[in-house]
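From first to last, the protein sequence lines stand for chains A and B.
Residue 77 in the UniProt record's numbering is what sits at position 77 of the first sequence, and the numbering runs on without skipping anything.
Residue 142 in the UniProt record's numbering is what sits at position 142 of the second sequence, and the numbering runs on without skipping anything.
Quick caveat, the hints were computed from the structure, so don't treat them as lab data.
Fair warning: this is a prediction, and the values are worked out from it, not measured in the lab.
There's no promise every hint is true.
Stated by the list, open to error - On the chain B side, residues computed to face chain A include the following (Cβ under 8 Å):
| # | residue |
| --- | --- |
| 1 | R63 |
| 2 | P66 |
| 3 | L185 |
| 4 | A206 |
| 5 | H277 |
Even glycine gets a Cβ: it sits at the ideal position worked out from N, Cα and C.
2 protein chains.
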Amino acid sequence: MAEHPRSDQTSGGQNPDRDDDDYGPGAELLARIDTAIDNDDRSALNAALEPMHAADIADLIERLAPARRRQFLAMYSDEIDGEILSEIDESIRDEVLELLPRSVVAEAVREMDSDDVVDLVEDMDEGDRAQILSALDASDAAAVRQSLAYPEYSAGRLMQSEVVTAPEHWTVAEAIEFIRSEDWLPEQFYHIVLVDPRRHPTGYVALGRLLASRRDATLRELTEDSFRTVSAFAEEGDVAYVFNQYHLISAPVVDRDDRLVGVITIDDAMAVLDEEHEEDILRLAGVGDESSISDSVMQTVRQRVPWLATNIVTALAAASVIAFFEDAIAQLVALAVLMPIVASMGGNAATQTLTVAVRGLATRDLSRANALRVVRREVIVGLANGVLFGIVMAAITWAWFRDPGLAAVIGSAMIINLLVAALAGILVPLGLNKLGADPALASGTFVTMMTDVVGFMAFLGLASAVLL
Amino acid sequence: MAEHPRSDQTSGGQNPDRDDDDYGPGAELLARIDTAIDNDDRSALNAALEPMHAADIADLIERLAPARRRQFLAMYSDEIDGEILSEIDESIRDEVLELLPRSVVAEAVREMDSDDVVDLVEDMDEGDRAQILSALDASDAAAVRQSLAYPEYSAGRLMQSEVVTAPEHWTVAEAIEFIRSEDWLPEQFYHIVLVDPRRHPTGYVALGRLLASRRDATLRELTEDSFRTVSAFAEEGDVAYVFNQYHLISAPVVDRDDRLVGVITIDDAMAVLDEEHEEDILRLAGVGDESSISDSVMQTVRQRVPWLATNIVTALAAASVIAFFEDAIAQLVALAVLMPIVASMGGNAATQTLTVAVRGLATRDLSRANALRVVRREVIVGLANGVLFGIVMAAITWAWFRDPGLAAVIGSAMIINLLVAALAGILVPLGLNKLGADPALASGTFVTMMTDVVGFMAFLGLASAVLL
Numbered sequence: 001m002a003e004h005p006r007s008d009q010t011s012g013g014q015n016p017d018r019d020d021d022d023y024g025p026g027a028e029l030l031a032r033i034d035t036a037i038d039n040d041d042r043s044a045l046n047a048a049l050e051p052m053h054a055a056d057i058a059d060l061i062e063r064l065a066p067a068r069r070r071q072f073l074a075m076y077s078d079e080i081d082g083e084i085l086s087e088i089d090e091s092i093r094d095e096v097l098e099l100l101p102r103s104v105v106a107e108a109v110r111e112m113d114s115d116d117v118v119d120l121v122e123d124m125d126e127g128d129r130a131q132i133l134s135a136l137d138a139s140d141a142a143a144v145r146q147s148l149a150y151p152e153y154s155a156g157r158l159m160q161s162e163v164v165t166a167p168e169h170w171t172v173a174e175a176i177e178f179i180r181s182e183d184w185l186p187e188q189f190y191h192i193v194l195v196d197p198r199r200h201p202t203g204y205v206a207l208g209r210l211l212a213s214r215r216d217a218t219l220r221e222l223t224e225d226s227f228r229t230v231s232a233f234a235e236e237g238d239v240a241y242v243f244n245q246y247h248l249i250s251a252p253v254v255d256r257d258d259r260l261v262g263v264i265t266i267d268d269a270m271a272v273l274d275e276e277h278e279e280d281i282l283r284l285a286g287v288g289d290e291s292s293i294s295d296s297v298m299q300t301v302r303q304r305v306p307w308l309a310t311n312i313v314t315a316l317a318a319a320s321v322i323a324f325f326e327d328a329i330a331q332l333v334a335l336a337v338l339m340p341i342v343a344s345m346g347g348n349a350a351t352q353t354l355t356v357a358v359r360g361l362a363t364r365d366l367s368r369a370n371a372l373r374v375v376r377r378e379v380i381v382g383l384a385n386g387v388l389f390g391i392v393m394a395a396i397t398w399a400w401f402r403d404p405g406l407a408a409v410i411g412s413a414m415i416i417n418l419l420v421a422a423l424a425g426i427l428v429p430l431g432l433n434k435l436g437a438d439p440a441l442a443s444g445t446f447v448t449m450m451t452d453v454v455g456f457m458a459f460l461g462l463a464s465a466v467l468l
Numbered sequence: 001m002a003e004h005p006r007s008d009q010t011s012g013g014q015n016p017d018r019d020d021d022d023y024g025p026g027a028e029l030l031a032r033i034d035t036a037i038d039n040d041d042r043s044a045l046n047a048a049l050e051p052m053h054a055a056d057i058a059d060l061i062e063r064l065a066p067a068r069r070r071q072f073l074a075m076y077s078d079e080i081d082g083e084i085l086s087e088i089d090e091s092i093r094d095e096v097l098e099l100l101p102r103s104v105v106a107e108a109v110r111e112m113d114s115d116d117v118v119d120l121v122e123d124m125d126e127g128d129r130a131q132i133l134s135a136l137d138a139s140d141a142a143a144v145r146q147s148l149a150y151p152e153y154s155a156g157r158l159m160q161s162e163v164v165t166a167p168e169h170w171t172v173a174e175a176i177e178f179i180r181s182e183d184w185l186p187e188q189f190y191h192i193v194l195v196d197p198r199r200h201p202t203g204y205v206a207l208g209r210l211l212a213s214r215r216d217a218t219l220r221e222l223t224e225d226s227f228r229t230v231s232a233f234a235e236e237g238d239v240a241y242v243f244n245q246y247h248l249i250s251a252p253v254v255d256r257d258d259r260l261v262g263v264i265t266i267d268d269a270m271a272v273l274d275e276e277h278e279e280d281i282l283r284l285a286g287v288g289d290e291s292s293i294s295d296s297v298m299q300t301v302r303q304r305v306p307w308l309a310t311n312i313v314t315a316l317a318a319a320s321v322i323a324f325f326e327d328a329i330a331q332l333v334a335l336a337v338l339m340p341i342v343a344s345m346g347g348n349a350a351t352q353t354l355t356v357a358v359r360g361l362a363t364r365d366l367s368r369a370n371a372l373r374v375v376r377r378e379v380i381v382g383l384a385n386g387v388l389f390g391i392v393m394a395a396i397t398w399a400w401f402r403d404p405g406l407a408a409v410i411g412s413a414m415i416i417n418l419l420v421a422a423l424a425g426i427l428v429p430l431g432l433n434k435l436g437a438d439p440a441l442a443s444g445t446f447v448t449m450m451t452d453v454v455g456f457m458a459f460l461g462l463a464s465a466v467l468l
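The whole structure should be built from the sequences, with the hints applied where relevant.
Structure, rendered in structure tokens:
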């Protein structure tokens, strides 16, 4: 049988040993784009970008160096549509908007779903916002304003107001007839939301089920078990959790009176999940959580300096502990050689515990129900690792310095520090969470200060007491 | 107007100041469950669990201490269905399976979609696997075996083989008629995949679009722009990326001959995205990437010891650098006081760069196209931070020890170490990625060893050369 030619649309790595760059534009296409920019050749640029997905064009724009980005936008601004604009990362969006002609922005905004317009204008001042919204129909602008009335990072900001609804007494035939005759429908929808006369959602029907059912069945009979509404005031992180936990595809959003105000679809929830992870990982590392690969040098310095400044303070605290034991070190220099090992093991053990705790809190796997059990586990693990590596370091120290007293001291200090590391690693994030703060703020910086201070203090203090 | 009573199904935080535990079962329900287990009261337990979602029941089982879990399963095993079983975390799944009667497992497996069965049996040995699959119809078992023939963590393992297909020349009316008359349909589906006579997918039609279109329109006219197929050999992480990047809801999966073999839906892609993040964050922290909050003490120790053992080796390397300068420290104990500051700042700066790089590679924001620019940025940022904090530390050192030479030495060492931190933080993950390894394996342990060694060497070496 003849080999069928592969479709152009096929993506996703036909070849098991492909590498990551097979996604998005290939090297050859990027080279063509580069040449087109160099030559200020608009039509070559348009031709190269024509087959590209809006998300890939947005990524391309983000990855350009700032000067080159301006050059690119000067050539391509007329082609920027709503889809590209809504894909562009916040970090460079203002810059891009300023470079675009007003007419292009107005046209782009008119193409967008209301949730994308909200995302675009929510950080603008009222003047800029009003100007953008003036491009919309009055009803669309009102929908955007309604969303903006909900708190930042809430379900109300995430939802789109375009929803397909029907009363639950309708039959399948009536619902299909209604959809077919409706001249306005959302770009994508997967469920019909059933509402009572006061617009309270009472269930939803998956389109697949609608299609598969008898024409005289009522929508009420077809409502899915998975139905659950989301409050417009719910935090977006909680919304992402609910989608992931219950495998939802879309969820109706309700106001305080339980009235339908919009719908959230899983692709938006997935994007939030992605952002929440990004925040966790960046906060744990002590990097501003807005940081992105397209930031300039100045932005990057500004994000990182506060954390490094915090660290210099905590490092000075640890240094003062050492300074307190200067005499001991002057008498036995081996202490200076060995003390960073105790501190470093504590820092690593604390980071392990901390990360597991932050992750557990993020996924709700760690909750009031099992917190005590997890604390107990971490303490026992800290003790076990302390004894194990205490013995290892005592043996190494004995072999290196032939000093049994020093060996005993480092072994004991290791046990103390790994125990403190376990406690700090689990209790600090649990405490922050209890206080309503982000547990990921318990970044390495804070927790490792504790293990540094305790490590130096235990080791040098024991050595002073026992050896000198 | 009277307040409408809130529906029982409503979830997602009605109250803006609710806390995390509002999701899943409340404290009151958990107390009832506890009491039921204590009293060995099966009917009370069933009544308490009856309103709970399968995902929440699975979480509950995961969070129980091992002994209590056995007790729970002894009481509840008859009620464990396919949905609960497919939600249970891998880390305790074997344990749960062993405690369940075979008939319960067989019944549960029959209810599952093929992708969930694959997930359940893929890590079993052939004997156990054959036993589970014997519960299925021959055709379902064959579908599972077909999936298992694809590599681990591939799209082929993730897909479900149940797909609704139609030829592209069909009209809307024919498609609807077909769906209505079909007695077997997947639990959930959002698109009809269009296939040619050799089962090559040529497009797909969203059900919303199908419903909204004229009855005589052909499916070919309705195919979505977003259509793209995924190779059954594609890595699941790449699949998650494609879904997130292109806002897909479902994607047909094809074999090497571009023939349709299944479909992946976004909820599975979202779960993979979540797991990939988990791996990144746990690997960066030097924790086994299989670690979970429900692990026992022994499992936890086993996961963490290798990383701590690696760290002891790297810490010993740093200690040997210090030992090399013992004489200098004996002459000037202030060196021992200050040296951890230089090392710690380097470690923190390296972690910042490393995390941004690992995250950028995971999201494909960092790629060949902009790697050079990002490396350049990180080096400039490292230099800028080095100069800034070098001056700060020189000033502090001068104020503390009144020794201008020592101040100059620590300032210079800081510049050197933050520069090295930037280089190590960006080049190590890029290098690992180039070699096809996971860049998150460049965990703190490895990169901070470099900054420790370089920090001690630069500071103590400069001090020996200049001051003594």
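Violated hints, by number in ascending order, as checked against the structure: 2
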